[in-house]
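So the sequences go chain by chain: B and A. Under my numbering, the first residue of the first sequence is numbered 1, with each subsequent residue one higher. Under my numbering, the first residue of the second sequence is numbered 279, with each subsequent residue one higher.
Hints listed in this document are in silico derivations from the structure and should not be mistaken for laboratory results. No residue lacks a Cβ here, since even glycine has one placed at the ideal position from N, Cα and C. A few of these clues could be false.
Claimed, not checked - Computed spacing ranges between beta-carbons, pair by pair:
#, chain 1, residue 1, chain 2, residue 2, range
1, A, Ala409, B, Ala100, 36 to 44 angstroms
2, B, Val271, A, Asp385, 53 to 61 angstroms
3, B, Leu272, A, Leu397, 37 to 45 angstroms
4, A, Gln402, B, Leu260, 44 to 52 angstroms
5, A, Gly287, B, Lys98, 53 to 61 angstroms
6, A, Gln410, B, Leu122, 35 to 43 angstroms
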Amino acid sequence: MVDRSIAARTQVGRRPGRYVLRGVVTAYLFFLVAWPLYLVGRNAFADGFTNLNDILTDPDVTHALRLTVVIAVTAVVINTVFGVGISILLVRYDFPGKRALNALLDMPLSVSPIVVGLALVLVYGGRDGWFGPTLEAAGLQIIFAVPGMVLATVFVALPLVIREVVPVLQEVGDEQEQAARSLGANALQTFRRITLPSIKWGVIYGVVLSLARSLGEFGAVKVVSGNVLGQTRTATLVVEEKYLNFDKGGAYATAFLLALVAVACIIVVSVLRPKEDR
Amino acid sequence: MSIEIVNVGKRFGDFVALDDVSVSIPSGRLTALLGPSGGGKSTLLRIVAGLERADTGKIEIEGVDATGLPPQKRNVGFVFQHYAAFKHLSVRRNVAFGLEIRKRPKDEIRRRVDELLALVHLEQFADRLPAQLSGGQRQRMALARALAVEPTVLLLDEPFGALDAKVRKELRDWLRRLHDEVHVTTVFVTHDQEEALEVADEIVVINDGRVEQIGSPDELYDRPANEFVMRFLGPVTQLGDQLVRPHDLQLSTDPADASGVPGRVTRVTRIGFEIRVEVTADDGQTVTVTLTRNEFLALGIQVDSTVRVRLAPNSPTTTTSAPAQRAAAPSLAATH
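Start from the sequences and build out the full structure, keeping to the hints where you can.
Below is the structure:
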């Protein structure tokens with residue numbers, strides 16, 4: 001009886017607090033995220049479809065959009081392959097320096113993208129980079145070219161797949177893999193038939209996050225791309241360019257496209273997520 | 279000999295899991311590795327399967343040196359305590375896994391899987407996912423999956439440990455009958471001495487990373503090699519410096535009888551058909567004697583009766599180094 005009355009009282013006491021909290025969070029998200037994003041959309045369509053039409057018929061912009069997709073997809077593929085590999089290494093194997101590697105993997109999230117860009121130029125710069133001149137002599141230009149932009153994008157989105165896959169791998173454990181081995185499966189068969197299906201949702205979630213992050217990358221890409229019109233200018237760089245040149249309509253329309261893809265990614269994730277049985 | 283384990287040693291850091299273990303496991307028999315938790319028995323089984331690598335020593339399976347072979351080349355079937363079911367595959371696909379890996383023809387796989395599902399009584403569950411099965415059904419599926427590849431040896435790591443008592447007993451009987459049908463060399467790990475005594479043809483007692491004794495259930499029970507085996511396989515009580523089984527002790531109330539140790543009944547406890555009589559000997563030692571109800575009634579004893587305790591002829595005993603139980607310090611340890 002005593003317990004119940006205390007429980008009832010705390011519930012009653014909490015109720016107004018809960019509504020206040022809910023209101024604060026909603027208002028916060030509204031003013032920080034929803035309203036500004038809505039305004040981008042409204043500005044993009046201020047003159048109907050004119051802005052959107054203008055940018056989609058501008059060959060420089062369509063080139064930039066295509067380049068963005070190519071770079072993002074390439075970066076996501078690289079990050080997925082290495083991400084799954086590194087996750088398995090981290091979860092299933094013990095080796096000296098594992099903690100250091102783990103800490104290093106969080107670096108890309110904490111370092112500013114612009115620092116990443118500068119660092120890559122220092123290493124791969126064609127003229128006075130540490131490794132760049134050698135590669136350039138071999139006919140491979142990294143900085144101010146697509147490879148450098150892919151590199152920068154891979155760098156900034158590196159931990160996203162790993163941080164999704166590692167907990168899933170830890171949760172499923174390695175007994176199923178051991179069972180597969182004892183039934184005659186080699187390492188590759190075990191990975192393809194057992195490990196991959198059981199971490200599938202983690203990988204998909206990581207891929208979607210990486211894709212969203214890669215499409216929107218700006219700082220690191222800006223430094224390494226050289227921002228050459230029609231060659232190494234990506235969609236985010238187009239937005240900046242148009243905005244600075246007072247073509248606000250074009251800037252909003254391009255920004256709207258980027259936001260649209262990102263929102264689509266988030267929706268895909270939220271649809272997938274309940275199916276993961278977390 | 280089907281499995282030869284020769285001088286196998288294994289450490290995990292400072293912890294010695296196995297200390298120079300040598301065991302020969304005969305073909306076609308059901309062998310139990312019995313011992314307390316953390317004694318090294320599971321580690322030994324995993325080394326035989328290739329899931330763990332021995333630091334020293336050699337493993338031979340059917341005359342083939344398997345020491346350096348990866349698990350997939352040893353042709354062993356392994357059953358895990360927690361089933362290790364492939365969660366994303368149906369029961370049928372789980373059982374078929376090893377055959378699919380071996381690229382057997384489709385109709386052969388179907389036939390063999392049907393056979394095995396019938397053997398483990400899971401025909402009607404073929405298209406379910408493991409999550410839709412009970413623990414006992416999952417473990418039977420895991421057994422069918424391990425048997426599908428026609429392994430040279432079948433290894434079971436605490437196979438019934440995660441199941442409740444009733445299912446455990448059913449599966450235990452069922453494993454014994456299955457083995458009598460299939461005759462594959464089988465080794466299973468257990469910490470339950472009753473399970474080992476009931477199911478196994480041969481028992482290897484392992485403790486602290488060492489083999490304490492190898493033998494048939496009868497040999498182990500009747501001729502325990504040392505105090506550990508004596509204590510681990512059943513209840514014990516102490517008479518003088520000898521460890522004996524409480525049910526091997528006899529009581530006599532005949533004043534003319536001069537054999538055995540004189541004492542006084544200090545406690546009588548009835549547990550179903552069994553009567554547990556605590557006798558305090560004249561030198562202060564407390565001895566537990568178990569009698570059947572009929573024996574107890576025939577003796578007509580009660581608390582404070584004067585009796586003599588003696589050991590039935592040909593009963594197993596071991597000398598113990600432990601100090602005798604004194605009446606002043608009553609303890610439950612003697613009844614295990």
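Going down the list of hints, with the structure as the test:
Taken as a hint, the range 36 to 44 angstroms holds for the pair alanine 409 (chain A) and alanine 100 (chain B), whose Cβ atoms sit roughly 39 angstroms apart. For the pair valine 271 (chain B) and aspartate 385 (chain A), the beta carbons lie near 40 angstroms from each other, so the given range of 53 to 61 angstroms is not met. Against the hinted window of 37 to 45 angstroms, the Cβ-Cβ separation of leucine 272 (chain B) and leucine 397 (chain A) comes to about 39 angstroms, which satisfies the hint. In this structure, glutamine 402 (chain A) and leucine 260 (chain B) meet the distance hint of 44 to 52 angstroms, their C-beta atoms being roughly 50 angstroms apart.
Separation of glycine 287 (chain A) from lysine 98 (chain B) is about 26 angstroms and departs from the stated range, judged on CB atoms against 53 to 61 angstroms. Taking 35 to 43 angstroms as the suggested C-beta distance range, the pair glutamine 410 (chain A) and leucine 122 (chain B) does not conform, at roughly 57 angstroms.
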